[in-house]
Amino acid sequence: MRSLIAIAIMALVSVPATAQKMQTKSGSDNIEVLGHVPLGHHSSVTDLELEQDLDRPYAYIGRASIVDGGPKGMDIIELSNPAAPKVIYEFRLEFQDLLPNRGGMDVKYFRTGGRHYVVQSFEFGSGPFHDLGAVVFDVTGLPDPNQVKEVARLKVPDLPGGMHNIFIYKHTNKHIYLLATVPGGMVQVWDLEKVVQGDVAGAYVSTIPTPESSNNPGSRRFYHDHYAAFHPDTGEDRFYGGGNNGYYVYDISDIENPELKITLMGISGVDWGHTFTPSPDGRYVVAESEYQYSPLRIFDLKPALDGEVTNINQPISAWTANWENLSHNHEVRWPFVFVSAYLDGLQVFSLTDPKNPQTVGYYDTYNGSAETGFNPVINGAFGVDVRNADGLIVVSDMSTGFWTFRMEGFSGWNGEDWGMPNISSVQKWDDESKEGTR
Amino acid sequence: MNRQILRTIGRILFVFTVLMTTSLASWAQSGPYGKGIEQPQHPQKPGEQGSANMRVLAHIPLGAAGSVSDVEIEQDLDRPYAYVARRNTEIGFDVIDLADPNHAKVLYRWRIENEDLHVGGAMDGRYFKYKSRYYYVQSVQLRQSGPNSDVGAIVFDVTDLPVKMSEVGRIRQSESPGGFHNIFMYKHSSGKPLMFATSGGFAKVFDMGLFIDGETSEMDSQLKDENRELIGRVPVAESDNMWSKGYHDFYVAYHPETGQDRFYGGGGSGYYVYNVTNLEKPELLATLLGVPGVAWGHTFTPTPDGNYAIGETEFQYQPLRIFDLKPALNGENPDKNIDHAIGAWHADWKSLAHNHEVRWPFVFVSGYQTGLGVFNMVDPEHPFTVGYYDTFDGIHNDRGAAMERLGSPYDWNVYDGAWGVDVRNADGLIVVSDMTTGFWAFKMDGFDGWNGEDWGMPNVSSVQQWDDLPSNR
Numbered sequence: 001m002r003s004l005i006a007i008a009i010m011a012l013v014s015v016p017a018t019a020q021k022m023q024t025k026s027g028s029d030n031i032e033v034l035g036h037v038p039l040g041h042h043s044s045v046t047d048l049e050l051e052q053d054l055d056r057p058y059a060y061i062g063r064a065s066i067v068d069g070g071p072k073g074m075d076i077i078e079l080s081n082p083a084a085p086k087v088i089y090e091f092r093l094e095f096q097d098l099l100p101n102r103g104g105m106d107v108k109y110f111r112t113g114g115r116h117y118v119v120q121s122f123e124f125g126s127g128p129f130h131d132l133g134a135v136v137f138d139v140t141g142l143p144d145p146n147q148v149k150e151v152a153r154l155k156v157p158d159l160p161g162g163m164h165n166i167f168i169y170k171h172t173n174k175h176i177y178l179l180a181t182v183p184g185g186m187v188q189v190w191d192l193e194k195v196v197q198g199d200v201a202g203a204y205v206s207t208i209p210t211p212e213s214s215n216n217p218g219s220r221r222f223y224h225d226h227y228a229a230f231h232p233d234t235g236e237d238r239f240y241g242g243g244n245n246g247y248y249v250y251d252i253s254d255i256e257n258p259e260l261k262i263t264l265m266g267i268s269g270v271d272w273g274h275t276f277t278p279s280p281d282g283r284y285v286v287a288e289s290e291y292q293y294s295p296l297r298i299f300d301l302k303p304a305l306d307g308e309v310t311n312i313n314q315p316i317s318a319w320t321a322n323w324e325n326l327s328h329n330h331e332v333r334w335p336f337v338f339v340s341a342y343l344d345g346l347q348v349f350s351l352t353d354p355k356n357p358q359t360v361g362y363y364d365t366y367n368g369s370a371e372t373g374f375n376p377v378i379n380g381a382f383g384v385d386v387r388n389a390d391g392l393i394v395v396s397d398m399s400t401g402f403w404t405f406r407m408e409g410f411s412g413w414n415g416e417d418w419g420m421p422n423i424s425s426v427q428k429w430d431d432e433s434k435e436g437t438r
Numbered sequence: 439m440n441r442q443i444l445r446t447i448g449r450i451l452f453v454f455t456v457l458m459t460t461s462l463a464s465w466a467q468s469g470p471y472g473k474g475i476e477q478p479q480h481p482q483k484p485g486e487q488g489s490a491n492m493r494v495l496a497h498i499p500l501g502a503a504g505s506v507s508d509v510e511i512e513q514d515l516d517r518p519y520a521y522v523a524r525r526n527t528e529i530g531f532d533v534i535d536l537a538d539p540n541h542a543k544v545l546y547r548w549r550i551e552n553e554d555l556h557v558g559g560a561m562d563g564r565y566f567k568y569k570s571r572y573y574y575v576q577s578v579q580l581r582q583s584g585p586n587s588d589v590g591a592i593v594f595d596v597t598d599l600p601v602k603m604s605e606v607g608r609i610r611q612s613e614s615p616g617g618f619h620n621i622f623m624y625k626h627s628s629g630k631p632l633m634f635a636t637s638g639g640f641a642k643v644f645d646m647g648l649f650i651d652g653e654t655s656e657m658d659s660q661l662k663d664e665n666r667e668l669i670g671r672v673p674v675a676e677s678d679n680m681w682s683k684g685y686h687d688f689y690v691a692y693h694p695e696t697g698q699d700r701f702y703g704g705g706g707s708g709y710y711v712y713n714v715t716n717l718e719k720p721e722l723l724a725t726l727l728g729v730p731g732v733a734w735g736h737t738f739t740p741t742p743d744g745n746y747a748i749g750e751t752e753f754q755y756q757p758l759r760i761f762d763l764k765p766a767l768n769g770e771n772p773d774k775n776i777d778h779a780i781g782a783w784h785a786d787w788k789s790l791a792h793n794h795e796v797r798w799p800f801v802f803v804s805g806y807q808t809g810l811g812v813f814n815m816v817d818p819e820h821p822f823t824v825g826y827y828d829t830f831d832g833i834h835n836d837r838g839a840a841m842e843r844l845g846s847p848y849d850w851n852v853y854d855g856a857w858g859v860d861v862r863n864a865d866g867l868i869v870v871s872d873m874t875t876g877f878w879a880f881k882m883d884g885f886d887g888w889n890g891e892d893w894g895m896p897n898v899s900s901v902q903q904w905d906d907l908p909s910n911r
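Chains as they are written, first to last, in this note's numbering: chain A, 1 to 438; chain B, 439 to 911.
Certain hints may be false.
Partial pick of chain A residues on the chain B-facing surface, computed with a CB cut under 10 Å [what the hints assert, rightly or not]: (1) 268; (2) 289; (3) 292; (4) 318; (5) 320; (6) 323; (7) 324; (8) 350; (9) 352; (10) 355.
Chain B residues, not near chain A, derived (Cβ > 12 Å throughout) [stated by the list, open to error]: (11) 501; (12) 515; (13) 569; (14) 571; (15) 756; (16) 843; (17) 845; (18) 865; (19) 891.
By construction, these hints were calculated from the structure, which means they are not laboratory data. All residues carry an ideal CB built from backbone N, CA and C; glycine is no exception.
Using the sequences and the hints given, assemble the complete structure.
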């Protein structure tokens, strides 16, 4: 009888425990949470960047006030122990109380002349930093926070509003370029070596436009996000931009004379393009359109690369974590695509069969209410990055902060291991050749 | 004795544990109205095409793949007829006899004369009753590479079915050839039976009473004016960068709160609501423009009270969106525009829905390659599936395969499967026309008919009460 009573008690205890477990299982079994650092006010965390050298274990996170109350600046996180990340530096713009909402958005690092730099983009619709596009820091002296030095501020007084997204690209001409979205329908190209050498005024070297057409007049043109990569088949430096009416691919080998190669316009359900990233060989692209219910679309550029067409308007497939939400940014490490999927947190899918993308891992970093005073589906995982050397995955969540992960069986990435060029968003600052080397 | 008691207690504990686990798990996953049925990916496993509450009563294959378009069912139980439009390889319509829904059969196949010379097909079909006789209107879209490209609709007297039916006449619009893609029959508050038809950048309004009555003076026979019955044009409100200049589909309903006849159109760059009480001066009441992902509106149907509407845009991956019209209609939005949905529903996010019929709180959907789907929108922000049956048995969600199979130029959707759906209010009979698999009849458990008042709503749906004025409902 005693054993029966014990069974009864266990049954009663185990019932809520079972239900709780079903409610709280946040990730797939192959995704391990290593570390998590809450960063403060909800909706105050934006994009992030992870340095790629294992001996420089630093991540950079944009801080902004998407709704009221967030700081405007950048945090630096030290990751020598990925299970115990810690904030070691906080940069905050002056006059915090005077600044309107928004602030630090995208962030990227680069290396030149043996020194390490970080570029933090800023975006303000008004206020004292209305014309500020980005702040450049020398972070060579990390982990000593006192060694972080502001090097320059990139201002765009003629096109105020800031730089929403940036990308840093090591061009085949050996120059290191900052590609930055600015108001006015273009991406500006800044020579970062000139910037760190003090020639900020002479650093703005080129413009990549959005194509103009009859239904695409100047006032409506814009880029939202972009990517640049070497294209081995042609030997070209290529720019991939998402903006009004869709997506655009330019040859930017001659940086001062970008040449439009491919357009992706007239896509059903895509009024404008957001993030747009090619596979390492440049054949397939992953494209986001930032509205609720929109999946990530996969396009095959081959018909355009082969010269059969110049415009592509049909995806070959699509992927979503949850059709009722939407994805935000992503990083391609073929065949994997790592996605910061807003309310669905970190998601990883495989493009092994580009016509049938398959989810291979996930972890929901967002556990709050959708009602935060902003768009209810725009909260949660904002940015994602991957360290190729060891496969460390980092995510910035707008409200829950900074996260580090490992995915089982993913211990690093080199494109050649997958039969692809070793090309990703990761730049090889010291390489002479753009071709991947082991 | 003791062992028996112990076994009984043990059984009770086991059942209790299972019940608690199940109910708590269910509670953990559900909202206030539940999450409904989890709809499987397509194609389903053999034998799992439908939910347990959906019964197939009849299925009639009708012919070549891609030759079936929309469907209409008469509402009187003593007139058990459905009409299925046919296109491409066979141009006309089939009349289905549903006297015994379990043994539905094709009663009549009407085909246009010189069928081989015509290019295109029959699209939408609607019936109406006028002066105690019943008429069926078949819209057609016939291209200019063949005859009759100026014909938009062909009208039949079907009063004497199942014995006979006859063609009454053809409605032509030579100023805008290409036919009528969609039509809607509406009993206007003026008492007139009206046909709204997509044509030339408008929803053109035809007085079908005038058409049936025919020539009423000597002048009529002399003038042969094809616009004699054309008594109104509902425009598409202008906006920047319009995706289309015309309407694709529409719905018209009496709005009890205001006493207005209201038109709900999809096309242009979204959706539009007009007051069409005075057909000479349609009054724009609301627009739904700038909705992310909606460059163009397809089907657009309000709830019986006109407060919410379901909007379709015919592109792969697009869900049916649910809009709250109140802020535009009650002056809360000064620009009278709605630019976002409050809810959405998908049978399968890789597919898309086509047409739908609203019987609040249920919405019956012909979901192309997902077949028949039924969702409940009692909570418009959280619609949930309550039943389904996949009528399509081909490769699912592969645009290229569908285009190749049907020779279709439409590369923006997965174009095959359930095209049309209709519901008989008297007994809840559901009919579906599938482009490839033909005609289907269903019953959904617990749905034995519909009257809006049973659900605390006006008794307003696509079903017209031909013998009464809308205001008397």
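Here is what the structure says about each hint:
Hint status for residue 268/A: holds, given a least beta-carbon distance of 4 Å to chain B, under 10 Å. Annotation: interface hint on residue 289/A holds; nearest CB of chain B at approximately 8 Å, less than 10 Å. A hinted interface residue such as residue 292/A counts as satisfied when its beta carbon comes closer than 10 Å to some beta carbon of chain B; here the least separation is about 7 Å, so the hint holds. Hint status for residue 318/A: holds, given a least beta-carbon distance of 6 Å to chain B, under 10 Å.
Given hint, residue 320/A at the interface with chain B, holds; its Cβ is 6 Å from that chain's nearest Cβ, closer than 10 Å. With its C-beta approaching chain B no nearer than about 3 Å, residue 323/A sits inside the 10 Å limit, and its interface hint holds. Taking 10 Å as the C-beta contact cut-off toward chain B, the hint placing residue 324/A at the interface holds, the least distance being around 7 Å. The interface hint given for residue 350/A is violated, since its Cβ lies 17 Å from the closest Cβ of chain B, which is over the 10 Å cut-off.
The beta carbon of residue 352/A comes no nearer than 18 Å to any beta carbon in chain B, farther than 10 Å, and the hint placing it at the interface is violated. Annotation: interface hint on residue 355/A holds; nearest CB of chain B at approximately 9 Å, less than 10 Å. Non-interface status of residue 501/B relative to chain A is upheld: no Cβ of that chain comes within 12 Å, the nearest being about 29 Å off. The Cβ of residue 515/B lies farther than 12 Å from every Cβ of chain A, with a closest approach of about 39 Å, so its non-interface assignment holds.
Distance check on residue 569/B: its Cβ is at least 45 Å (rounded) from any Cβ of chain A, clearing the 12 Å threshold; non-interface status holds. Interface exclusion of residue 571/B from chain A stands, the closest Cβ pair being 43 Å apart, more than 12 Å. Its closest Cβ contact with chain A, about 6 Å, brings residue 756/B to no more than 12 Å, contrary to its assignment away from the interface. With a least beta-carbon separation of about 17 Å from chain A, residue 843/B lies farther than 12 Å from that chain, consistent with its non-interface assignment.
No Cβ of chain A approaches the Cβ of residue 845/B within 12 Å, the least distance being about 17 Å, so the stated non-interface status holds. No beta-carbon of chain A is positioned within 12 Å of the beta-carbon of residue 865/B; the least distance is around 34 Å. Every beta carbon of chain A lies more than 12 Å from that of residue 891/B, the smallest distance being close to 32 Å; the non-interface claim holds.
Figure legend: structure checked against the earlier numbered hints; hints not met, in rising order: 8, 9 and 15.
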